[in-house]
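Enquirer: Protein chains in written order, with this note's numbering: chain E, 194 to 735; chain B, 194 to 735.
Because the hints were derived from the structure by calculation, they are not lab data.
Among the hints, a few may not be true.
[Said to hold, decoys possible] With the C-beta cut set under 7 Å, the calculated list includes, among others, these residues of chain B facing chain E: (1) A251; (2) T252; (3) E253; (4) N254; (5) Y333; (6) K540; (7) H558.
[What the hints assert, rightly or not] Here are the in silico distance ranges between beta carbons for each label pair: (8) E211/B with P499/E: 34 to 42 Å; (9) L235/B with V626/E: 47 to 55 Å; (10) T229/E with D574/B: 28 to 36 Å; (11) D317/B with N595/E: 51 to 59 Å; (12) T555/B with F610/E: 45 to 53 Å; (13) S601/B with A330/E: 32 to 40 Å; (14) T555/B with I223/E: 17 to 25 Å.
Beta carbons are placed, not taken as given, at the ideal position from N, Cα and C, and that holds for glycine.
Number of protein chains: 2
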Amino acid sequence: MVSAEAGVRRYKWDVKYEFKSPDCYRKLAITINGKTPGPTILAQQGDTVIVEVTNGLATENLAIHWHGIRQIGSPWSDGTEGVTQCPILPGDTFTYRFIVDRAGLYGSIRVLLPDGVAEPFTYDYDRSIILNDWYHASTYEQAAGLSSIPFVWVGEPQSLLIQGKGKFDCSKLATPSSNPTACNTTNPECLPYVMTVVPGKTYRLRISSVTALSALSFQIEGHNMTVVEADGHYVEPIVVQNLFIYSGETYSVLIKIDQEPSRNYWITTNIVGRNATATTPPGLAILNYYPNHPKRVPPTDPPAGPIWNDIAPRLAQSVAIKARQGYVHTPPPKSDRAIVLLNTQNKIDGYNRWSVNNVSFTLPHTPYLIALKENLHHVFDQHPPPDRLHEFTTYDIYGVVNNTNATSSNAIYRLKFNSTVDIILQNANTMTVNNSETHPWHLHGHDFWVLGYGTGKFDAENDPKKYNLANPIMKNTVAVHPYGWTALRFVADNPGVWAFHCHIESHFYMGMGVVFEEGVEKVGKLPSEIMGCGETKAFKRP
Amino acid sequence: MVSAEAGVRRYKWDVKYEFKSPDCYRKLAITINGKTPGPTILAQQGDTVIVEVTNGLATENLAIHWHGIRQIGSPWSDGTEGVTQCPILPGDTFTYRFIVDRAGLYGSIRVLLPDGVAEPFTYDYDRSIILNDWYHASTYEQAAGLSSIPFVWVGEPQSLLIQGKGKFDCSKLATPSSNPTACNTTNPECLPYVMTVVPGKTYRLRISSVTALSALSFQIEGHNMTVVEADGHYVEPIVVQNLFIYSGETYSVLIKIDQEPSRNYWITTNIVGRNATATTPPGLAILNYYPNHPKRVPPTDPPAGPIWNDIAPRLAQSVAIKARQGYVHTPPPKSDRAIVLLNTQNKIDGYNRWSVNNVSFTLPHTPYLIALKENLHHVFDQHPPPDRLHEFTTYDIYGVVNNTNATSSNAIYRLKFNSTVDIILQNANTMTVNNSETHPWHLHGHDFWVLGYGTGKFDAENDPKKYNLANPIMKNTVAVHPYGWTALRFVADNPGVWAFHCHIESHFYMGMGVVFEEGVEKVGKLPSEIMGCGETKAFKRP
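For reference, chain E alone in the conformation it holds in the complex:
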């Protein structure tokens, strides 16, 4: 942090490539100020955060999204290339400026409560843990495979990282590399993360998942966890042995350091929802009971994670997460518009794609925010996608369906300003028989209420009657379970253009997303710094 004048938090971030060995295997990683995961932004609710991001990559463009920040009044700072800004070119510096309007943890942005306001729970210490899945193939290799005919799937990650540390089994690497530093399990860079705790104390753990693909279970050997917060909102406390967390989600749990104090305990994370048992070992860290030695290996085996393909407990956790009494934001009782988004996997022109209502999303070359404000109507498809697929009621969500009507498009949904919108995300079978995946959908610019989950086909007549309007949790990322549906509500009250997409990188890349516009006419003058690409490129003296 550069300075700490009252209410303004300034940061300078340099982004570049460096060789890192977070799981003992040396590969290029994108770092912020030399670190991965990057630095944590610490701010107090209501503060203005200013981050000067310098793109130190040689030939690649950049944008940084501030996941979970609603960007009220600063829609151009959302960091969504193609939606809210042009990319930051190599060597350029872009200044993000936004207000953190709500306490909680958003990835690596930790927002503290205003002075004099208390949390509805108590704890002695506060710790953050970032979970990640880690691939040895570059994103270029992964993306080229996804765009190939025949399709080349990236597969399961090589390792899981807890707070940036994992352990890859170097013996899987064929003959030893001629370079002894290429994979070295004794490299101190890949020592497991150690969280030292004091017996008798209560810890708040702020856990976030930034995985590219994996749904995770997170567990601390011998310790129950009490979930108290999700995506920045207080949760009616629930006790779990393992926390299911999807890419883009954040949770706070409380743990009591109340076990036998002469030893250490395992912190573990496992992949659920996909069969990675043969490919990806669990991520391991150490809960170090002070004053035991932090490197002392726990005497027991790490707990096995839950069965990967058992959906029931994951759905149960989703359903159990409600707004905490006294902190309920009541949703509007009715919506003005309901959009049913059928998620399907399709072939389009021979390519594997994901579609939403038979539209596989592609980004235009001119960011929507600029196009809409400047009336550049020709830069994206003006014909909106459907609110509901014509064939929805007859669609077989359990079958392999050839959606030959699926097409690629950059069309968007335009929402009436201040209207209340329901979104029903409907899952279905993929192109593989008896297979339906889990999709964590993430909305920019908003929190939404989670009104309900269901299994099977959404029934527009009867299911809305079962919506939880009493104490629904507000979130910005929510899971859609296999063969199920998830119903959300939000108020379109934040002028701007906002992406809504599956947070699995490869799924969004393959078209699993939509874009909402609301009140764009109320957006103030756009900063010229966001220009420079597509039809916004031209010469003007700085």
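Start from chain E and add chain B according to the hints.
Expert: Only chain B this time, still in chain E's reference frame:
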């Protein structure tokens, strides 16, 4: 080619990533219209070539340099990012437009003579061969290593490609990959290149080297080659058994198909100048004597290349290349300015760098051409680098010298328009004892006369007296041999801004280059398409 109206050659090139296995090992390659090497541009001297380049990479920027084309009147089409244009952003299309003013072969641009004009030699058939060195590590990995402390050197290439085909020994790959397509020596993609020839005929081979690092020897088993052209200029014929060719050079040789016709012969290429005997097998192709089967392996072993560290024959070839009688362009007898560029390897701030007169070149964020035309003086260092290092006469070119004065800079040389400039490139010892490398220097916007080569320190008093002013060859790329010097002359008569640099990618990346400006005030209005980066980014309606 899209159309062929008289005098105008139009092409559309789509650039993207694809998995390719040119040496049997599957890796990402940048392709043009699905091919690597890219398509050949065929034009006639005087034609206007128009190439619409679409950047189909997802996040990376692009520019394409038309090596060997002087860009007279179109300095903004030279394709040098940071010098003559802003990069082409992902999804954008940029149109290069230039006149091919001289016949010859420039990489994959083959320029034919005007109608009615004959070559000074005859042949029956005309073939092009592109030579390349091939790395399995991505350019990102290579570049990150070069920018690391400690320095990580990319090493020798995994294979050499002849016309895009090589053969990597997959058994070197540790345990077999779980993916059988990852390395497969029976993949038809990596069948050796076959050139079928008819006995009794004479072939012109247009050979170009696009290597990232390697100096090469090129040889055709049992066949002498007569060098008749270099970098688009006719050469007084010389007969060689093996042709030495440096990155960025092009040559034409004539071969007579006059050997025992019942068999095929090897075409080989080997690395010279660096010890790659243990790491890089020779590149192999087949000279197929019709009607033998094209896949029939020659009955003999491929000829061994020359000894890698024998400089004498390489220097001898350089010296032997003279302009052909009747095609001599006589240089001005005297120069107005002589610039002596001492090439050194240095540590700067702990990083390995190459320097020229103690200046290690870095690119500014605003291209020079735009900065100079628009008087943006603050975007690069206005203090020019020296024409000659103060300590040049006492500098020990045979020792490891700590040039603690070496600094990084984006300053440039400004040349008087129409003046005659001599450049003496002086080689020296690297940071390794008893080591001096070969550097192929490439000049944009010009051909230069090669006035002479020498071993040891350039003597400004006596060496110029030995310059060849009678029949020097004109080239755009020339080798500077270990511990030697090379003297060039050119007339600064092409308004624009022109890079002059070592054509070894890693060397230029580490600072081994300079930039010349001449007559920029005579450059016409710059096309706005080249804007958009650094201080030329802003919003203007298209």
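Enquirer: When the nearest CB of chain E is found for K540/B, is that gap smaller than 7 Å?
Expert: Hint on K540/B: violated, closest Cβ of chain E at ~19 Å, above 7 Å.
Enquirer: Falls inside 51 to 59 Å, the C-beta gap from D317/B to N595/E?
Expert: 55 Å Cβ-Cβ, so the 51 to 59 Å window holds.
Enquirer: Between E211/B and P499/E, is the Cβ distance one that fits in 34 to 42 Å?
Expert: holds (40 Å)
Enquirer: Do the numbers back the hint for E253/B, that is, is its least Cβ distance to chain E under 7 Å?
Expert: holds (5 Å)
Enquirer: Take the C-beta atom of S601/B and the C-beta atom of A330/E, compute their distance, and say whether it sits inside 32 to 40 Å.
Expert: holds (33 Å)
Enquirer: Starting from the range 47 to 55 Å, see whether the pair L235/B and V626/E falls in it by beta-carbon distance.
Expert: About 51 Å separates the Cβ atoms of L235/B and V626/E, which means 47 to 55 Å holds.
Enquirer: Closer than 7 Å between Cβ atoms is the bar; does T252/B clear it against chain E? Give me holds or violated.
Expert: holds (5 Å)
Enquirer: Under 7 Å, Cβ to Cβ, is where N254/B needs to be relative to chain E, so tell me if that hint holds or is violated.
Expert: holds (5 Å)
Enquirer: Are H558/B and chain E close enough, Cβ to Cβ, to be under 7 Å, as the hint says?
Expert: Result: holds, 4 Å to nearest chain E Cβ.
Enquirer: Indicate whether the distance between the beta carbons of T555/B and F610/E respects the range 45 to 53 Å.
Expert: Because 48 Å falls inside the window, the suggested range holds.
Enquirer: Can the suggested window of 17 to 25 Å be confirmed for the beta-carbon pair T555/B and I223/E?
Expert: holds (21 Å)
Enquirer: Does A251/B hold up as a contact with chain E if the rule is Cβ-Cβ below 7 Å?
Expert: Cβ of A251/B sits 6 Å from chain E, so the hint holds.
In this structure, only the earlier hint numbered 6 is contradicted, and the remaining ones agree with it.
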